[in-house]
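Q: Each chain, written out:
Protein chains: 4
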Amino acid sequence: MIKAGIIGATGYAGAELVRILTAHREVKIVWYGSRSYIDQKYADIYRNLFEIVEDVCLDDSLEELASRVDVIFTATPQGYLASILNDAVLAKAKIVDLSADYRLQDVHVYEKWYGISHRSPQYLAEAVYGLCEVNREAVAKARLVANPGCYTTCSILTAYPLVKEGLIDPDTLIIDAKSGVSGAGRGAKTSNLFCEVNESIKAYGVTTHRHTPEIEEQLGYAAGRSIVVNFTPHLVPMNRGILVTEYAACQRKGDGSLPTYAEIKAVYDSYYEKEPFVRVLKKDVCPETRWVEGSNYVDINFRIDERTGRIILMGALDNLVKGAAGQAVQNMNLMFGLPETEGLMMVPVFP
Amino acid sequence: MIKAGIIGATGYAGAELVRILTAHREVKIVWYGSRSYIDQKYADIYRNLFEIVEDVCLDDSLEELASRVDVIFTATPQGYLASILNDAVLAKAKIVDLSADYRLQDVHVYEKWYGISHRSPQYLAEAVYGLCEVNREAVAKARLVANPGCYTTCSILTAYPLVKEGLIDPDTLIIDAKSGVSGAGRGAKTSNLFCEVNESIKAYGVTTHRHTPEIEEQLGYAAGRSIVVNFTPHLVPMNRGILVTEYAACQRKGDGSLPTYAEIKAVYDSYYEKEPFVRVLKKDVCPETRWVEGSNYVDINFRIDERTGRIILMGALDNLVKGAAGQAVQNMNLMFGLPETEGLMMVPVFP
Amino acid sequence: MIKAGIIGATGYAGAELVRILTAHREVKIVWYGSRSYIDQKYADIYRNLFEIVEDVCLDDSLEELASRVDVIFTATPQGYLASILNDAVLAKAKIVDLSADYRLQDVHVYEKWYGISHRSPQYLAEAVYGLCEVNREAVAKARLVANPGCYTTCSILTAYPLVKEGLIDPDTLIIDAKSGVSGAGRGAKTSNLFCEVNESIKAYGVTTHRHTPEIEEQLGYAAGRSIVVNFTPHLVPMNRGILVTEYAACQRKGDGSLPTYAEIKAVYDSYYEKEPFVRVLKKDVCPETRWVEGSNYVDINFRIDERTGRIILMGALDNLVKGAAGQAVQNMNLMFGLPETEGLMMVPVFP
Amino acid sequence: MIKAGIIGATGYAGAELVRILTAHREVKIVWYGSRSYIDQKYADIYRNLFEIVEDVCLDDSLEELASRVDVIFTATPQGYLASILNDAVLAKAKIVDLSADYRLQDVHVYEKWYGISHRSPQYLAEAVYGLCEVNREAVAKARLVANPGCYTTCSILTAYPLVKEGLIDPDTLIIDAKSGVSGAGRGAKTSNLFCEVNESIKAYGVTTHRHTPEIEEQLGYAAGRSIVVNFTPHLVPMNRGILVTEYAACQRKGDGSLPTYAEIKAVYDSYYEKEPFVRVLKKDVCPETRWVEGSNYVDINFRIDERTGRIILMGALDNLVKGAAGQAVQNMNLMFGLPETEGLMMVPVFP
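Residue numbers (our numbering), protein chains in the order written: chain F, 1 to 351; chain B, 1 to 351; chain S, 1 to 351; chain L, 1 to 351.
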């Protein structure tokens, strides 16, 4: 039985970790870290866990935690883990970090987009970007995994095969993303009140959202060169779910023709057919967030526009599962040699 | 492995049965009955099951089905099962009926409230009302279980201990119920369109809702005499969930005083402390549907009003799980000698 | 042109006052009071008013305000107005108070339910309870109007004619109320975040909600004696709207029979037929909040239950309009001798 | 007083016409056409109009209607008006057509995208595309106005000044649009049921949506040449509102530099500063549909991305008002020489 600790257990991602790990046969949560709710019963805060979890919340003490558990999940604000991580901790426990601290290899990019200085860049080289479908083998050997962002997981997996195979021009890539409100966290902000969000949609962080460089770095690896993209997130009045709609110019063939549906589909299949959590949909079926809610699936599809020469890619996932806690557990499974799907085969909940 | 067939597999209750049974270790669904979608892939209709269920929908043939499966779930319109059930079928397969056909023991009451004639009243005596917490032993021996209605499950379980123990006057019982929209089914009606339901609340079926006599019959058994109640359902703009708020006069003690919180709580505990799916909340915590969503739990609590001498009871459940498919599986578990909680310990999904 | 000032202009009720008064032909708002947003442009906070309102928010200074305006609307926390009101202010400007400070004539009841001491009980005798349909003439002469609460307006108007005419037993009255989230205000509380409220329903303030004594006092006047009722509010995932479902035993006639539909309807009509903002619906049509959204209407109807001898009353209004700002303007119209409907004949917005 | 008739009065756009015209001082509706609800009271279908509109629905008879009214609004399915329009009708009454029948000048484009043959192409030359901000003078003289689509109004107005002034490369234009559900109409389809739409987002009509050629034609006029664009609509779980996010490459200056914020803003202002219904927001403020709900405003803004050389344009409107009924009334005002804003200065309703 793997002993797990969670720092930041009372945010939405932390709570989703609790939901998933509670049902995981090989894991026992022994530390519910929450600075805001110390000594309160966890199930008094997340009452869905009433009579399921009896523990109380504990303070955040990475050192002590490391000596008690096998794996630490940090669902904490940016900069937190970077400010306290050290060799002693890493020697004792594996870490899956749900913050952005070790996602970007270039510390200058991190500091520019996040506006804080990185306090432990020495671990960047060791940290593995935990997008299992891309970095499966490296994750399996890692002590420190940087769990990808919710938007980025969806954005990257949707475009990855086509960028990697050179089927689209990455310089033309535009990502228009839409997210449910749980992605904004559980902080008590006026802008996330029910009446402010309900019955409305807006873009935010236009040209400045912090997931942009993460997408650029990872898709840049696929492209074999650095790229810049437009990424525009939107807030949608629903609890969960991310949908990305991506636009790119197709690379035309020598005769000037566009790739066919079958050709693109074959490329997607070659990457994802055996992936347990990536579902490439049938022709002309558009991904919808309702079909992945509560599950670890990413649904992907595409459509070629003969008129404009562009391809429209679409991807959908549950931001709290494949976009956060589910992927974190998927990484943990790999890191501990468990079946990758252990505890993650939840059927999506609809309606 | 128990072989299961579902008639009415493409309604919301049917789809929830599929979700639950797909994850149930002892059951395999071998028949997805849906008159509306014959020969279509089930996962083309409920795309959450894409790459999970590969079967196509079949016509409704109770006879043939009975010879192929161990258990049949009927999630069908009122009157359907009553019109085709026969001895041969019952001899071959056990049935959990999610319709109202065998819920009311008095056929005249059924015919009056449902406005149709009952075609097989001869099975009423055999049918067991499948409220597991009340009829556990009878269910275990039954061939034909009448799965309770969603409103009724919530209404009855919330009041049952107090009626049974004579702590409230059942003639004063008023049940004000609120339901999410999935309870209205998947039929294409204007009144259930998004824009008609969203941003509104209404009562409906006032004094005439068909769950009224079901509540009256079952609570009448508890009271030891026939009772009439007011039951008023409301439609709430959310997918899932039922909340009932019940009002009744407390039976005063000999000295005219009201029962205390501790006394009422002790009664609830004596009935429900060991029930795996009934959670009596802490003092002053009100049930909320969000804390049971996606799960088989019923959350219950109460508050005594010294000023009016009434007690206010509250109960919350997920209408598709404990109010339909989950309870159906709970019944099935009992009927086949499985652990009652098998396949049903899903942690509620929040947010 | 009436000059108006608003204290608390940046709460939801305050903002609705701005929306309504901006379109009112006889009023000009000259003071947007908001302690939280001093010196900020009002339209930067409520961007629906961009290019419509150019003013900036001012501090709350009742004295100065009184010398500048004809009418002051206070949409402020309980206790605020009571703590600063004085004769000089009342000599200069009329006041419509949207808080509870002058709603309850009995200061002990106020202090008990609100948990604060009343700082200016000397004005209670003068204050008029601004339920126009009941106190029209007194409002017209008032300097200080206590604008009723949202739940109370709906609860009282729905039951008033039947209580007044002795057609129901007020001791049996139970009010089950449901409200949209704007009733909870714009404060940044975790419990009102989108993800906490969406897809859920709950009761709150059970047996303790502060609108209870207000309902009891006003319906007590109608009954001619003091009464106690059960009032249970619920939070519904929608922006606006209140629905009340009220239950009471009918007073039977001398021969033991219940009143007929026609008899009850005639009573409602005698009270409301000429009321511009009260609509008694057709037989068997249940009020729905969607049909009054954005308007000053209250929709009312009832249904007699022959089985239980009770009558079920239903009422719906928009909590920010007839439940707050619209009623405040209706009161202002009366106080200034304007047509009562001036600026208030907005057609409800649907969908 | 202008006498108006509506054909298709019981769809959502028709009902919004009724809401707006009921409050319009110069118009009286004398014909509520609705084939589905003949002889039923209009206010029985749209109960927001109870005690406001007393008329019953009439059959669709264009000829008879034309002889009774001054203006006819047709909120009808595609092809309907084209199949029955004739000279006699046009000689008697002005027409504002909310369908697509006369929006596209090229009948082949119409027939290709709509899949039906156009039955009266002879009126295409006469029909004026009723985007008031662009075609104000032509509208004023027109007998037949083609009221623009909801998506198109938002898409075109957002990009128009920049295309017209050559500040963006129209061949790079990508429009990612998001709409509330009322845009899908009131037809009883499973796909528009509350539970199917709520808590989800999806793209639809990818590369094939019928508003695409309308955008291309109108922006082509602005560009001075034909263009093709990508237009992708999405369905958002809210009643009203359209948001468009548009991406295009900026035309660089001779020195290779991008236009500045001030330069682009100046262009927008030169087009829209005096427009009563177009609001160009302050720097860095993103349009949100909640700020225009219930009103005839379009909110627009933009952000230049120095990294990619693209500009991101955003526009928001209420699809039933500026996207349908409001714009139709704006056209009618122009056609009858009324002030363009008459009956349309509704303050947006929030929350």
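Possibly wrong hints are sitting among the right ones.
[Said to hold, decoys possible] DSS-like cross-link-like pairs, simulated, lysine-lysine; straight-line CA separation at most 27 Å:
{"no.": "1", "chain 1": "B", "residue 1": "189", "chain 2": "S", "residue 2": "141"}
{"no.": "2", "chain 1": "L", "residue 1": "164", "chain 2": "F", "residue 2": "112"}
{"no.": "3", "chain 1": "S", "residue 1": "41", "chain 2": "B", "residue 2": "112"}
[Stated by the list, open to error] Between beta-carbon pairs, the in silico distance windows are:
{"no.": "4", "chain 1": "F", "residue 1": "187", "chain 2": "B", "residue 2": "189", "range": "37 to 43 Å"}
{"no.": "5", "chain 1": "L", "residue 1": "270", "chain 2": "S", "residue 2": "188", "range": "51 to 57 Å"}
{"no.": "6", "chain 1": "F", "residue 1": "26", "chain 2": "B", "residue 2": "283", "range": "35 to 41 Å"}
{"no.": "7", "chain 1": "B", "residue 1": "59", "chain 2": "F", "residue 2": "51", "range": "32 to 38 Å"}
{"no.": "8", "chain 1": "B", "residue 1": "283", "chain 2": "S", "residue 2": "188", "range": "48 to 54 Å"}
{"no.": "9", "chain 1": "S", "residue 1": "341", "chain 2": "B", "residue 2": "189", "range": "32 to 38 Å"}
{"no.": "10", "chain 1": "L", "residue 1": "35", "chain 2": "B", "residue 2": "122", "range": "33 to 39 Å"}
{"no.": "11", "chain 1": "S", "residue 1": "275", "chain 2": "B", "residue 2": "59", "range": "36 to 42 Å"}
{"no.": "12", "chain 1": "B", "residue 1": "143", "chain 2": "S", "residue 2": "307", "range": "49 to 55 Å"}
{"no.": "13", "chain 1": "S", "residue 1": "185", "chain 2": "F", "residue 2": "51", "range": "52 to 58 Å"}
{"no.": "14", "chain 1": "F", "residue 1": "51", "chain 2": "B", "residue 2": "109", "range": "16 to 22 Å"}
{"no.": "15", "chain 1": "S", "residue 1": "185", "chain 2": "L", "residue 2": "35", "range": "35 to 41 Å"}
{"no.": "16", "chain 1": "F", "residue 1": "115", "chain 2": "L", "residue 2": "36", "range": "55 to 61 Å"}
Please keep in mind that the hints were generated in silico from the structure rather than gathered at the bench.
Think of the CB as a built atom: it goes at the ideal place given N, C-alpha and C, for glycine as much as any other residue.
Q: With reference to the structure, classify each hint as holding or not holding.
A: Here is what the structure says about each hint:
Of the supplied pair hints, the one linking residue 189 (chain B) and residue 141 (chain S) is violated, its CA atoms being roughly 51 Å apart against a limit of 27 Å. Note on residue 164 (chain L) and residue 112 (chain F): the hinted pairing is violated, with a Cα-Cα distance of about 37 Å set against a maximum of 27 Å. Between residue 41 (chain S) and residue 112 (chain B) the alpha-carbon distance is near 63 Å, which puts this suggested pair outside the 27 Å criterion. Our hint of 37 to 43 Å for residue 187 (chain F) and residue 189 (chain B) holds, since their Cβ atoms are close to 40 Å apart.
Between residue 270 (chain L) and residue 188 (chain S) the beta carbons are some 40 Å apart, a value that contradicts the proposed interval 51 to 57 Å. Distance hint check for residue 26 (chain F) and residue 283 (chain B): the Cβ-Cβ separation is about 37 Å, which falls inside the suggested range of 35 to 41 Å. Evaluation of the 32 to 38 Å hint for residue 59 (chain B) and residue 51 (chain F) yields a failure: the beta carbon distance comes to about 43 Å. One distance hint, 48 to 54 Å for the beta-carbon pair residue 283 (chain B) and residue 188 (chain S), is violated here, with the actual separation near 28 Å.
The hint said 32 to 38 Å for the Cβ distance between residue 341 (chain S) and residue 189 (chain B), and at roughly 36 Å that hint holds. Between residue 35 (chain L) and residue 122 (chain B) the CB atoms are about 48 Å apart, so this pair departs from the stated range of 33 to 39 Å. Distance hint for residue 275 (chain S) and residue 59 (chain B): a CB-CB separation of about 57 Å, inconsistent with the stated range 36 to 42 Å. Checked against the hint of 49 to 55 Å, the C-beta distance between residue 143 (chain B) and residue 307 (chain S) comes to roughly 34 Å, which is inconsistent with it.
Between residue 185 (chain S) and residue 51 (chain F), the C-beta spacing of about 33 Å breaks the proposed range 52 to 58 Å. Between residue 51 (chain F) and residue 109 (chain B), the C-beta spacing of about 37 Å breaks the proposed range 16 to 22 Å. Between residue 185 (chain S) and residue 35 (chain L) the C-beta distance comes to about 46 Å, which lies outside the given range of 35 to 41 Å. A C-beta distance of roughly 58 Å is found between residue 115 (chain F) and residue 36 (chain L), which places it inside the suggested range of 55 to 61 Å.
When each numbered hint is compared with the structure, violations occur for hints 1, 2, 3, 5, 7, 8, 10, 11, 12, 13, 14 and 15.
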